[in-house]
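S.K.: All chains should be built: construct the whole structure from the sequences, respecting the hints.
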Amino acid sequence: MNFDTSQIRAKRQRSLYVASQTGGTLSTIDTATNTVMPGAVTVGPAPGSVAVSADGSVAYVANGNDTVSVINTATSAVVSTVRFDTDATGAHAVAVAPSGAVYVTDATDRTVRVLVQPSLIATSVTKIGSVGVSGVGSTLLSNDGTRALVITGPSPISTTSTTRVAVIDTATGKQVGSTVSIAGKPVVPAFSADGTRVVITAAGTTATQLAVIDLATGKQTGTTLTLPGAVGVQLLSADGSRALTTTYGSGTTQVAVLDTLTGAQTGTTVSVTGNQLEAPVLNADRTRALITTSRPIWETPDTTRVAVLDTTTGTQLGTTVEIAGNEVAPPALNTDGSRAAISTQIGDFASGYTTQATVINVATGAQIGSTQGLEGQAVYGAPVFNATGDRVVFMARTEGPVGTFTTRLTVLDAATGAPVGAGLVVDGDGARELSADRTRMVITATSTDPVTQVVTTKLATVDLATGNQVGDVALPGTWRSLLLTPDGGRAATITEDNAGTHVAVIDTLTGAQTGTTLNLAGTEFGSRVISVDGSRALIVTAVYNGATSINTERLTVLDTTTGAQVGNTLTLTGFLNGVQYSPDTDRVVAMTISSNFNTTGVPTSQVAVLDTTTGLQLGSTLTLKPDNGYLVLSAGGTRAVVSTGSQFVVINTTNGTQVGGALTGVGSNPLLTADGSRALTTGVSYNFWTRTYTTTARVLKIV
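Under our numbering, the residues of the sequence shown are numbered 7 to 709, in order.
Be careful, since some hints might not be right.
[To be verified] Subject to a maximum C-alpha distance of 25 Å in a straight line, what follows is the list of computed SDA-like cross-link-like pairs (lysine to any residue):
| no. | residue 1 | residue 2 |
| --- | --- | --- |
| 1 | 225 | 136 |
| 2 | 707 | 106 |
| 3 | 191 | 256 |
| 4 | 191 | 177 |
| 5 | 707 | 622 |
| 6 | 707 | 663 |
| 7 | 225 | 268 |
| 8 | 707 | 636 |
| 9 | 464 | 410 |
None of these hints come from the bench; they were simulated from the model.
M.R.: Take a look at the structure:
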């Protein structure tokens, strides 16, 4: 019999664990009596290494088939088997750090993998408290998950509008402080970055009210502030000491800054002519805010206005910048927040359109250089800055008389506002993708030959430092999507024709294809890069059978370093209702919904867990009823919560298994705390006799 030579003594126990490579078992020796305890535990084939947690409660056995058996030493039962590779070869050693982290070596791959701790594997769900607040509303979590807010507004039959807010301690499930009430209908609250305060806003018909709540005490800070006009948006400064609030009325946007420590206004209200287009855009340290408005309905021609506000003093910097045309998207800021760029569009269908880009000095509020233009419509959104913030790129598209398109791109110098390099002109309707290092822009353009009707997809890469094109690749078929790795070195290009979906990985530096084209059944939608290093991409396709009215969603893992598929394609019945990915555990949790009207007639939801390292499904597919609900993944990725309205379940993503049975009658719209130990649900009930609504938040403990 061959034994593991790294025999390890468990702390707090007088036990020695020995793995038998030929027998595939783990034996326990009582070191006090030097006897072998009865009942050897069966593990995987050819176990080669044993490690024990610091408290001696868990033993880990590394098996020869690339799995680790997790054993509860108190019961001598295997609680989980974790697969960490698929080649089923290589010598393995397992070790446990004092922190509980589990490390497994692989001699064949020359790698060390970190496994999920068993303490993070949930085994039960228990209700520990509930808080009821008058009205109809919902529940929100604070940034750190230690507090929950129950926010309610008026019921459908109420004649008055009141917003009520209660703070819950998620550790105990009990309310902290007393319920805060302000006049008006509730608006989405704004949490401070440090999670200590929240600004509550209520919208009235002619006025807006705001209150600041201390989350530690659940009490209101200062007095309620009332501003004239309809509610706009609320944003907080980086340290949470200032709140920026906007309102609108009579063709003017008003902006006020609040001190969240006192509840008082800082500076004076700033007025900008026009309708507010979107939430103010803040620089990185949130000391500057860009307010953008469009012309009032009685003003011609179309005009976009931009004002820069100092949020520390509540005053405007410089004068309002006026730009001809309609804003395309909110202003974009460079990395250090010193420059902003905004796109506008002028012209009409008869005379043609021009897309414009304007650069603004955020420190002074003044325009830099002159506004630049490109022939074509502004269909590509806001301008984009490069990594160093000294270049900004914008695009436009023109349409020919026979349905042909041309895509144009120009790079501007952010210091002067002038063009740099030759830019780009490419046939086809283009889509843009910026590399994660923000040094290159990849343009994917699909065009159809008007004579042969042959469809071609072109990839053109532009160096943002020089403003010139550096690569050009042509692929057959219609473009569906483009996935760039974080370093921008590889692009997974997805096209589609009658044969299905085709995926090719392109080296953006050389323009050459990596590996061979991956051909998949169905139509692609929702694919994305799913690993921190960009080595994995999730390709999602759907196949619909018109004869049976059954749709299947297919999830395939792509290795972007080789261009090849990893593992097997996961197939779920129904239409995709959500895909969640955790970089901490390399797990994907997918959910589909199906009415089944043409088969069983019973609506269902399906949920499955996919290991993106191996491309294999963990556990079995879970089928729930009915065909609606939500999927939420914990911050660490170890737990998934699924609510279908009538059923509530928790899933261990480590092994893809359900925790306990499905709960009923606990509400919907689940939320998870960061550590995954608490789940919150919300339910609204109506009392026929008192004609009142009650929103109840339930706190569920997951262990």
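S.K.: Work down the list of hints and note, for each, if the structure agrees.
M.R.: For each hint, the structure was consulted:
no., hint, in the structure
1, 225 / 136, "19 Å, holds"
2, 707 / 106, "22 Å, holds"
3, 191 / 256, "21 Å, holds"
4, 191 / 177, "29 Å, violated"
5, 707 / 622, "30 Å, violated"
6, 707 / 663, "18 Å, holds"
7, 225 / 268, "13 Å, holds"
8, 707 / 636, "19 Å, holds"
9, 464 / 410, "14 Å, holds"
Hint compliance for this structure: hints 4, 5 are not met, and every other hint is.
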